[in-house]
Amino acid sequence: AQSVTQLGSHVSVSEGALVLLRCNYSSSVPPYLFWYVQYPNQGLQLLLKYTTGATLVKGINGFEAEFKKSETSFHLTKPSAHMSDAAEYFCAVSGEGGSARQLTFGSGTQLTVLP
Amino acid sequence: DAGVIQSPRHEVTEMGQEVTLRCKPISGHNSLFWYRQTMMRGLELLIYFNNNVPIDDSGMPEDRFSAKMPNASFSTLKIQPSEPRDSAVYFCASRILAGAHEQYFGPGTRLTVT
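Heads up: the protein sequence lines correspond to chains A and B, in order.
Per this note's numbering, residue 1 is the first one in the first sequence, and the count goes up by one each step.
Per this note's numbering, residue 1001 is the first one in the second sequence, and the count goes up by one each step.
Quick list of the computed label-pair ranges, beta carbon to beta carbon:
hint, chain 1, residue 1, chain 2, residue 2, range
1, B, His-1010, A, Gln-45, 16 to 26 angstroms
2, B, Asn-1050, A, Leu-56, 24 to 34 angstroms
3, A, Pro-79, B, Phe-1074, 41 to 51 angstroms
4, A, Glu-15, B, Val-1053, 47 to 57 angstroms
5, A, Leu-56, B, Met-1039, 26 to 36 angstroms
6, B, Met-1039, A, Leu-46, 19 to 29 angstroms
7, B, Arg-1041, A, Ala-1, 16 to 26 angstroms
No lab work stands behind these hints: they were computed from the structure.
Just so you know, even glycine gets a beta-carbon here, dropped at the ideal spot from N, CA and C.
Hey, can you work out the whole structure from these sequences and the hints?
Quick look at the structure:
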């Protein structure tokens, strides 16, 4: 079984400040991990993914995330927030084998960027 | 390359009417998913297909919901009869079965049942 917990349903940061969105996962198999972003009235867009190899992965729009197996975490960061980063962010996990190959999503974190 | 295409983008219908949502996956993708998103329940997986075959429909809320995938480039989600509680945004997503599991989402259909 897989699960994802996103700490904080709402996060506010000032423009130019560090963005940190938290994600912890549970998986009985080696996980694949993803972050998606959803802008208002749009579908989910893949930001970045971790499959194997380097644990620090870089995505689009300056975002990156680090896979920490010991902490079962995959937090999303961006050094300097921009107004255009305001959106909802979803963390997701999948793994090998049967239904584990399907994505399990967290409940989402709404990011607000203050001027 | 075109992404996942969904139609219509918006649908407003009266309770009791039949609603059909349509999806065209990305060319070459052989796995297709239907999701529903609401404020109360978040993102829910309704059903998914591999190679046009339904694999898991345990997320379909009731018998009023049905989904088909007659070929690799088209899928429908039908609600009959529709009810106000079906109001939500419905997303279609596709992926390559042998890939690294990431799914690509369409823009969604916003359904309002009055």
